Amino acid sequence: MRSDETILLGAVAYDSKVVPIWEGIRAYFVSEGVPLDFALYSNYERQVEELLAGHIDIAWNTPLAHVRIRQRTSGKSLSLGMRDSDRDFHAKVVVRSGAGIRNLKDLEGKTLAVGSRDSTQARILPLHFLQQEGVDLSRINILPFDTDLGKHGDTGSSELDVLRALHDGTADAGTIGDLVWVTEQAAGRIDPDKLEVLYTTPGFDHCMFDALPTLPEKKRRDFTRVLFAMKWDVPEHRRLLELEGLREWVTPREDGYRSLEQALDAGSR
Amino acid sequence: MTPSSAAGAVAIEAGELTIGGGLLALVRPTLDLLEPGGVLAVLSRSTAVREDLPSWCRAERHEYLGREEVAEGMDRHLIARGTFSVPQGTREGSLSIDGRDGRPSSAAMLTAVPMPARASVETGFAPRGSRVEPGGPAYPFALNERDRVAPPDVARLYDQAVASQWDANRDIPWNTVGKLAPPLEHAIGQIMTFLAENELSALYLPSRFISLIHPAFAEVAMFLASQLADEARHIDVFLKRARVGGGGLGVSSVTTSRSLLSLLETRDFTEAAFLLSVLGEGTFLDLLSFIETWAPDEATAELTRRARADESRHVHFGLSHVRWGLQHDPALYGQLEASVRRRAATLAGVGGVPAPLQDALTILAAGGTEPKAVARGHEAFRELLETMHQNRLKRLEHAGFDAIQAQTISALHTPNFM
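Those protein sequences? They're chains A and B, same order as listed. Under the numbering used here, think of the first position of the first sequence as 16, with each following residue one higher. Under the numbering used here, think of the first position of the second sequence as 70, with each following residue one higher.
Hints were generated in silico from the structure; no laboratory data involved. A portion of the hints provided could be inaccurate.
Stated by the list, open to error - Chain B is nowhere near these chain A residues, computed Cβ spacing over 12 Å in every case: (1) S100; (2) K120; (3) E148; (4) I157; (5) A201; (6) G203; (7) P207; (8) L230; (9) E232; (10) A244; (11) H252.
As the list claims (entries may be wrong) - With the C-beta cut set under 10 Å, the calculated list includes, among others, these residues of chain A facing chain B: (12) D99; (13) D103; (14) Q200; (15) L210; (16) K246; (17) P250; (18) R254; (19) L258; (20) R262; (21) E263; (22) P267; (23) E269; (24) D270; (25) R273.
A quick note: this is a predicted structure, and the numbers were derived from the prediction, not measured. Where is the CB? At the ideal position from N, CA and C, for every residue including glycine.
Take the sequences, apply the hints, and build the full model.
So this is what it looks like as structure tokens:
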């Protein structure tokens with residue numbers, strides 16, 4: 016375990032905006048009297064190993080990385096906080112209006128575009144829930160968009176690939192996260208006559224700050240105190256919160272990861 | 070809360086509109102009318118909305134309360150407005166139109182929302198009276214205190230300025246410019262050169278401050294914009310007069326150049342208003358009056374008369390600005406006097422009025438070069454200097470200075486007039 020007083024936080028560089036986000040958060044923590052630095056990784060797999068090895072104090076993890084940390088520490092890892100936007104994610108199965116798909120059974124024999132295989136919202140959970148609903152995935156022609164592997168779907172590019180495949184008719188149906196779906200609609204980039212939602216999954220939770228149980232109490236206390244003090248109506252904070260896609264940091268909860276744990280268990284069997 | 074318990078909510082009829090098909094154009098403005106926690110009912114015939122509205126609420130941090138089918142194929146969705154949106158504030162009523170001429174004056178429109186004593190750097194370019202979403206970036210508007218920026222009558226002066234704009238081509242009887250004896254025509258050319266050079270400085274100096282004025286005091290920036298347009302027109306008309314008569318441009322002297330540089334280097338808005346408008350343009354009123362009195366043709370008389378009317382508006386604004394500032398900050402007396410002393414120190418040793426200008430004004434008043442007439446011209450010039458001094462004293466006392474301060478400041482004023 017690291018011995019110096021600086022909290023070392025790991026994050027994955029899935030986009031160039033990641034640098035200003037963590038530079039800003041580092042400067043904010045330092046201004047609050049809490050030394051914090053960050054290390055950027057190119058993929059979540061390495062970040063998970065680095066946290067487990069004690070090279071970093073805290074990891075900003077996707078749900079997939081979070082569940083892996085939980086499993087590797089036998090549930091003893093510390094969950095420190097999440098974004099308000101990380102709660103109650105849903106995934107959607109969107110279909111082309113002319114594809115003749117009225118219910119989940121109709122998906123069989125059709126082409127289903129899916130996001131990256133490490134994207135919780137665009138692939139792992141929507142396929143898991145479809146199976147739970149009794150859909151036989153082996154009878155569906157899966158069209159995968161495995162872009163940005165290692166980034167766990169953070170870039171959202173595979174979800175946009177899915178929407179493109181639906182718009183241009185390459186796919187009859189597709190799986191994406193609900194945030195991409197509503198923001199693309201609200202921005203007017205979806206033709207409402209062409210696409211419609213067939214199915215919405217149950218809710219699940221998204222990213223989490225993870226630490227090992229050996230994290231010193233002072234670091235844990237300082238980190239959560241300063242993190243939760245960020246406010247949307249403070250201009251310097253708001254700039255960072257907007258970039259990171261939240262309005263406020265909220266306390267952790269574990270129930271929202273049960274479905275992902277089950278999906279991974281089922282997948283490894 | 071269950072859907073049925075919110076029967077008194079604000080409701081919108083959304084028909085078959087979807088999130089991606091225009092529904093938000095109804096939902097967002099209606100939510101905007103509610104306080105945080107206020108409930109909106111969306112009556113919808115779209116089944117897609119059943120899936121998407123909860124997701125949209127999550128993305129926008131509104132609370133989706135639930136749905137019930139109120140009729141065959143008709144859902145009622147209930148949404149509670151979230152806390153992360155633009156504060157409600159006060160919505161504006163309509164502007165009352167002036168009963169006299171049936172027109173909404175700019176002054177009535179602008180003063181409908183009072184200026185704040187101190188403007189927030191975070192409201193940026195938001196028009197005063199708009200509802201500003203919190204959390205915006207800070208803007209570098211250094212002039213953000215009303216009492217140092219915005220005298221109360223500035224909006225009225227802006228109205229006057231807009232109504233008084235004229236056309237340097239159409240509104241001057243250029244055909245009255247005739248053939249003058251060369252010395253007189255050259256004198257006109259020299260005077261016009263001097264006027265244009267000084268008006269250029271009056272164009273540049275205020276423009277340095279416009280970008281620093283907080284938009285909460287937009288009427289000040291708007292008035293100054295009208296002042297810049299005035300100066301541009303004056304430069305145009307003075308250069309035209311120099312060239313239309315055939316005299317051409319004369320000399321730009323170092324005295325003028327030094328004087329205008331010391332003016333341009335003023336960094337404080339109130340000091341600039343004082344040096345440029347109260348002292349400089351104030352003194353120019355008498356100069357323009359002198360030229361109009363001795364003008365050899367109607368065009369010269371008309372253009373100086375019109376320029377003088379504009380300048381007197383600038384002087385009025387400068388006086389208002391300085392008076393208002395002095396009323397709220399007595400330390401300003403010392404600051405303004407110090408700025409005049411500092412400027413006088415940079416001009417030490419330059420002598421009197423620039424010689425080419427002095428000679429030209431003398432010849433203008435003489436109407437030519439006949440010696441007895443020149444003697445009268447010289448006397449008129451001497452009287453002009455005294456008139457300028459006396460009127461500066463009046464303006465300084467009107468601004469709020471006592472007689473002794475006014476004497477000191479007027480005596481230290483630049484021999485270049487501006």
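Open item on the list: When the structure is checked against the list of hints, which entries are broken? Sort them ascending.
Closed with: 1, 5, 6, 7, 11, 19, 22, 23, 24 and 25
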